[in-house]
Amino acid sequence: MGKIYLDPERCIGCRSCEVACEREHGHPRISVDKVKDLAAVPVYCHQCDTAPCAAVCYTGSLRLDGDMVVFDPDLCTLCGLCFVACPFGAIELDSVIHRCDLCGGTPVCVMTCPTEALQLEDIDAITGSTRSRAAGVLAARVRV
Amino acid sequence: MTARIPTVCPYCAVGCGFYITRNGMEYMQDHPVNEGALCPKGNAALDVLNHVDRLRYPMMRIGDDWIRVSWSEALDRVAEEMQRALREKGPGALAFLGSAKCTNEENYIFQKIARLMGTNSIDNSARRCHSPTIIALRRMLGTPAMTNPVSDLALSDCIFIIGSNLAENHPVVARWILRAKDRGAAVIVADPRVTPTAWLADLHLQLNPGTDIALINGMINVILNEGLENSSFIKERTSGFEGLDLSDYTPERVSSITGLRAGDIVRAARLYAKAGASSIVYCMGITQHSCGTENVTACANLALVCGHVGRPGAGILPLRGQNNVQGACDMGALADFYPGWRSVDDSRAIDELRRLWNARALPLGRGLTADMMPEADLRFLYVMGEDIVNSHPAVSRRRERLKRGFMVVQDIFMTDTARIADLVLPAAAWAEKEGTFTSTERRVQWVSRAREAPGEARPDLWILSEVAARLGFDLSPEPEEVLAEINQAVPAYRGISRSNAGARGGIIWPCPHPDHPGTPVLHTERFSTPDGRARISPVHHPALERTSPQHPLILITGRVVLHYNAGSMSMRSEGLVKREPEIRIDVHPEDAARFGVADGDAVMIETRWGRARARAKLTPRQKRGTLFMPFHFPETNLVASEIIDEKSMMPELKVAACRIWRAD
Amino acid sequence: MKVDERRCIGCRACSAISRSISISEDAGIRSITFHSHDESLTERLIEACPAGAISSGITAESITLTFRMKRCSVCGEPFATEREIEHVASLIPETHKNWLDLCPECRRAEQRRSHAWHCIRIRGRV
Chain A
1 MGKIYLDPER CIGCRSCEVA CEREHGHPRI SVDKVKDLAA VPVYCHQCDT APCAAVCYTG
61 SLRLDGDMVV FDPDLCTLCG LCFVACPFGA IELDSVIHRC DLCGGTPVCV MTCPTEALQL
121 EDIDAITGST RSRAAGVLAA RVRV
Chain B
1 MTARIPTVCP YCAVGCGFYI TRNGMEYMQD HPVNEGALCP KGNAALDVLN HVDRLRYPMM
61 RIGDDWIRVS WSEALDRVAE EMQRALREKG PGALAFLGSA KCTNEENYIF QKIARLMGTN
121 SIDNSARRCH SPTIIALRRM LGTPAMTNPV SDLALSDCIF IIGSNLAENH PVVARWILRA
181 KDRGAAVIVA DPRVTPTAWL ADLHLQLNPG TDIALINGMI NVILNEGLEN SSFIKERTSG
241 FEGLDLSDYT PERVSSITGL RAGDIVRAAR LYAKAGASSI VYCMGITQHS CGTENVTACA
301 NLALVCGHVG RPGAGILPLR GQNNVQGACD MGALADFYPG WRSVDDSRAI DELRRLWNAR
361 ALPLGRGLTA DMMPEADLRF LYVMGEDIVN SHPAVSRRRE RLKRGFMVVQ DIFMTDTARI
421 ADLVLPAAAW AEKEGTFTST ERRVQWVSRA REAPGEARPD LWILSEVAAR LGFDLSPEPE
481 EVLAEINQAV PAYRGISRSN AGARGGIIWP CPHPDHPGTP VLHTERFSTP DGRARISPVH
541 HPALERTSPQ HPLILITGRV VLHYNAGSMS MRSEGLVKRE PEIRIDVHPE DAARFGVADG
601 DAVMIETRWG RARARAKLTP RQKRGTLFMP FHFPETNLVA SEIIDEKSMM PELKVAACRI
661 WRAD
Chain C
1 MKVDERRCIG CRACSAISRS ISISEDAGIR SITFHSHDES LTERLIEACP AGAISSGITA
61 ESITLTFRMK RCSVCGEPFA TEREIEHVAS LIPETHKNWL DLCPECRRAE QRRSHAWHCI
121 RIRGRV
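Chains as they are written, first to last, in this note's numbering: chain A, 1 to 144; chain B, 1 to 664; chain C, 1 to 126.
No lab work stands behind these hints: they were computed from the structure. Even for Gly, the Cβ is constructed at its ideal location relative to N, Cα and C. Wrong hints could be hidden among the right ones.
[Claimed, not checked] Here are the simulated DSSO-like pairs of lysine-lysine, each with C-alpha atoms no more than 30 Å apart in a straight line:
(1) B:Lys578 <-> B:Lys89
(2) A:Lys3 <-> A:Lys36
(3) A:Lys3 <-> C:Lys97
(4) B:Lys235 <-> B:Lys274
(5) A:Lys36 <-> C:Lys97
(6) B:Lys403 <-> B:Lys647
(7) B:Lys578 <-> A:Lys34
(8) B:Lys89 <-> A:Lys34
(9) A:Lys36 <-> B:Lys578
(10) B:Lys617 <-> B:Lys578
(11) C:Lys97 <-> A:Lys34
(12) A:Lys3 <-> B:Lys578
(13) A:Lys36 <-> B:Lys617
[Stated by the list, open to error] What the simulated footprint calls covered on chain A by chain B, stretch by stretch (three residues with Cβ under 8 Å from a Cβ of chain B suffice, anywhere in the stretch; the number is not a length):
(14) 13-23
(15) 110-123
(16) 129-138
Construct all of the structure, not just a fragment, from the sequences and the given hints.
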């Protein structure tokens with residue numbers, strides 16, 4: 001399955017992804033903020049290949065499964081170590097753990113993003129399309 | 001009952017589609033405009049439907065209390081009061097405010113009632129939004145509307161965005177602009193502020209507020225000097241070019257007026273003129289000025305001189321605000337127009353309607369616009385779906401005067417306007433009734449009922465037909481029947497029915513007959529003026545509100561992405577309010593330092609019209625010498641200007657001299 | 001149950017299981033108080049403790065363990081106990097762990113800055 005990729009040039013900071021995520025899950029698992037009022041970036045779970053959250057999870061509640069990090073709430077002790085361990089601050093904790101799980105396959109943030117800044121793709125497809133898009137723009141400008 | 005019902009977002013005029021399901025919403029990935037996407041307000045749209053604040057019963061005011069009354073008592077009272085006012089003081093004592101959020105059928109019936117009662121005093125929120133567009137584009141192009149669909153922007157080679165922060169206020173439009181950029185299109189943004197829209201620009205023209213005509217005239221000056229105009233288009237398709245003498249608007253002079261570099265003005269002109277297909281996108285930064293009508297005229301002049309109208313990717317795109325503001329205007333809920341854009345001064349055109357309606361006579365001459373209503377000697381005011389007390393600064397300041405006569409408010413929430421009424425009627429929200437809505441790109445879409453209205457709330461159309469019956473008019477409560485009459489009353493809607501409006505993406509007017517596919521791009525062969533030519537009209541940079549030692553800064557008011565207009569809907573959405581809870585004022589750090597203000601301080605702001613309190617947010621993206629306040633919060637009405645564009649009755653909302661200081 | 005204060009890292013697991021264990025934070029110190037309680041939860045508590053600090057046995061009185069919290073090097077807010085941070089650092093494989101000095105909010109801000117730096121450079125010039 002693909003992961004969520006962000007094109008920061010397309011994000012307009014509307015926070016639609018946050019509002020949709022919160023509506024679907026009760027608590028958002030994506031967090032948007034502006035940087036110097038010149039760009040906006042959503043932050044969410046990267047499904048890291050060597051996930052520190054899974055490394056510290058001693059019950060196996062958070063663990064690696066293929067190229068994703070999966071979460072089993074029944075095994076969670078609410079110790080909060082994953083909250084401390086995530087390098088991106090993508091895990092929040094109150095009475096439960098809040099972390100992006102790609103909505104089980106069709107992430108609402110990707111579907112709702114007005115500018116297609118968030119895409120669900122596998123890594124090769126995304127780098128391929130990013131390169132060809134940039135090349136296309138260059139070519140168009142040169143032609144003109 | 002089907003699992004999911006297609007609907008159209010009730011917020012802005014982009015007209016995004018989605019589905020309402022039993023428990024929530026689903027995205028509509030095959031909708032031609034939004035392709036499944038939604039902005040944060042669209043994502044929160046359902047919050048309005050089951051909200052605890054929803055009006056459930058008709059209520060009459062007795063002193064300071066509200067008592068519940070039956071529908072029959074309420075409706076009888078509306079008719080009685082209207083007839084009494086008519087009898088005692090004549091039709092000049094009646095006024096109506098239609099709703100840019102109600103359906104076409106509802107607005108059509110509402111204005112019909114007003115006119116059958118003898119008055120043209122019916123208006124809607126377009127007055128404070130695109131009234132200059134209506135006046136100027138109707139005069140110049142013949143049709144007062146966007147010339148190309150939103151998705152066409154993906155085909156443009158150059159997009160000139162002026163006075164529009166679409167990334168916040170029409171986010172889905174940004175989707176199509178980014179697609180154009182993917183193809184190498186150049187984007188120019190003219191705005192005094194660095195907004196998320198300006199983030200997308202290849203060239204950002206951070207001009208002084210209110211200097212748009214100078215900029216555009218400067219661009220045309222360059223275009224003519226360098227021979228970049230489209231001479232054959234000018235010759236074959238326009239008139240009035242000879243009257244265009246913009247020799248005064250040299251890049252140097254324009255630079256001193258706008259504060260822009262002369263080189264940037266030249267660059268913008270060349271980019272726009274030389275591109276294969278260029279579009280102009282504009283919004284409140286162009287219209288909400290005392291020279292709003294002239295501003296729109298300047299935009300159209302630029303497009304006409306370069307021949308960038310009437311082709312895919314080349315057009316003039318005023319982004320309208322409300323989900324049905326285009327429709328409310330097409331239906332004639334305006335003091336200066338009857339349905340189908342018939343001027344209130346055109347007795348011949350009005351006679352067509354008189355015959356259709358079987359009326360003895362219909363009123364001529366412009367009626368009261370919203371801003372004029374508090375000062376008029378009214379005995380009866382009927383407000384449908386508009387929180388006028390919060391959406392117009394002049395009305396806001398004089399709200400008590402609206403109550404001189406009998407005031408009826410028909411709405412979904414107890415807005416501040418409803419609070420001062422004598423009678424409040426609970427209406428169904430958009431997803432609780434049926435009918436058509438017309439988006440900014442002239443797209444007419446049928447919306448089906450997906451939920452039950454709460455309590456005894458009823459569709460506006462039912463309420464109006466009941467009132468009409470008590471006045472002696474037989475007006476149908478069935479949306480399809482009303483649409484059938486609209487087919488005869490509004491030429492552009494002649495072929496529109498539930499069938500084509502109900503298809504995915506509806507149908508774009510003009511649609512002259514039922515099998516017509518609709519008309520996404522206008523003016524491809526001729527303009528809709530009497531001679532088929534577009535009218536180029538010279539306009540000039542006006543005298544502006546000046547700063548003074550007492551008021552050394554300029555206040556700009558506008559919108560933010562998380563809220564909507566006067567906030568009766570968005571302020572009731574927890575997900576939106578918690579992300580944008582209070583009024584802020586954007587201040588450049590150097591101005592803040594000058595006035596002793598730190599980030600997060602409570603400040604007072606004062607214009608010559610009043611004062612208000614807000615929280616300061618320091619940002620280098622605000623242009624030095626200017627401040628920004630969102631008008632979703634009532635505080636902004638306290639300071640907004642009352643200077644008006646006399647042609648369109650649009651208030652000046654973008655330029656007001658002001659000062660700030662720290663509140664204690 | 002008995003708690004070994006040399007092993008306890010001050011995490012939130014046991015207080016989430018038993019109402020007799022309370023957790024609070026004040027002025028950069030996290031305090032966990034073990035009141036005398038229902039012994040039937042001891043098995044679960046032993047299993048849930050990441051540091052193996054809980055064992056069976058009787059403790060007559062309440063005890064309170066206090067832990068100094070780490071303050072974020074950017075905003076100064078306390079966000080985890082120092083022992084939690086050491087515990088996490090010892091388990092994660094990466095060599096670069098500077099982000100452990102930051103609270104999650106500041107880590108998000110840093111992630112945003114680094115992801116958008118190119119955009120910001122271009123837009124800052126336009």
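Okay, the hints, checked on the actual structure:
About 48 Å separates the Cα atoms of B:Lys578 and B:Lys89, which puts this hinted pair outside 30 Å; it is violated. Of the pairs offered as hints, the one joining A:Lys3 and A:Lys36 holds, with about 27 Å between alpha carbons and a cut-off of 30 Å not exceeded. Distance restraint check for A:Lys3 and C:Lys97: the Cα-Cα separation of roughly 24 Å lies within the 30 Å cut-off, and the hinted pair is therefore satisfied. Simply put, B:Lys235 and B:Lys274 have alpha-carbon atoms about 18 Å apart, close enough for the 30 Å limit, and the pair holds.
Restraint check for A:Lys36 and C:Lys97: satisfied, since their Cα atoms lie roughly 25 Å apart, inside the 30 Å limit. Taken as a hint, the B:Lys403 and B:Lys647 pair is honoured in the structure, with Cα atoms around 27 Å apart against an allowance of 30 Å. In summary, the hint linking B:Lys578 to A:Lys34 is supported, as the alpha carbons are separated by about 17 Å, within the 30 Å threshold. Pair hint B:Lys89 plus A:Lys34 does not hold up; C-alpha atoms about 57 Å apart against a cutoff of 30 Å.
Between A:Lys36 and B:Lys578 the CA atoms are separated by roughly 22 Å; this keeps the pair inside 30 Å, and the hint holds. Restraint check: the Cα-Cα separation between B:Lys617 and B:Lys578 comes to about 17 Å, which is no more than 30 Å; the hinted pair holds. This hinted pair checks out: C:Lys97 and A:Lys34 have alpha carbons roughly 25 Å apart, not beyond 30 Å. For the hint pairing A:Lys3 with B:Lys578, the CA-to-CA distance comes to about 29 Å; that is within 30 Å, so the pair holds.
Between the alpha carbons of A:Lys36 and B:Lys617 the distance comes to roughly 12 Å, so the proposed pair stays at or under 30 Å and holds. With 9 residues bearing a CB less than 8 Å from a CB of chain B, the segment 13-23 of chain A meets the requirement of three and the coverage assertion stands. Counting residues of the segment 110-123 of chain A whose C-beta sits closer than 8 Å to any C-beta of chain B gives 6, which meets the bar of three, so the coverage hint holds. Under a criterion of three residues with beta carbons nearer than 8 Å to beta carbons of chain B, the stated coverage of the segment 129-138 of chain A is upheld, 4 such residues being counted.
This entry does not satisfy hints 1 and 8, going by the numbered hints stated previously.
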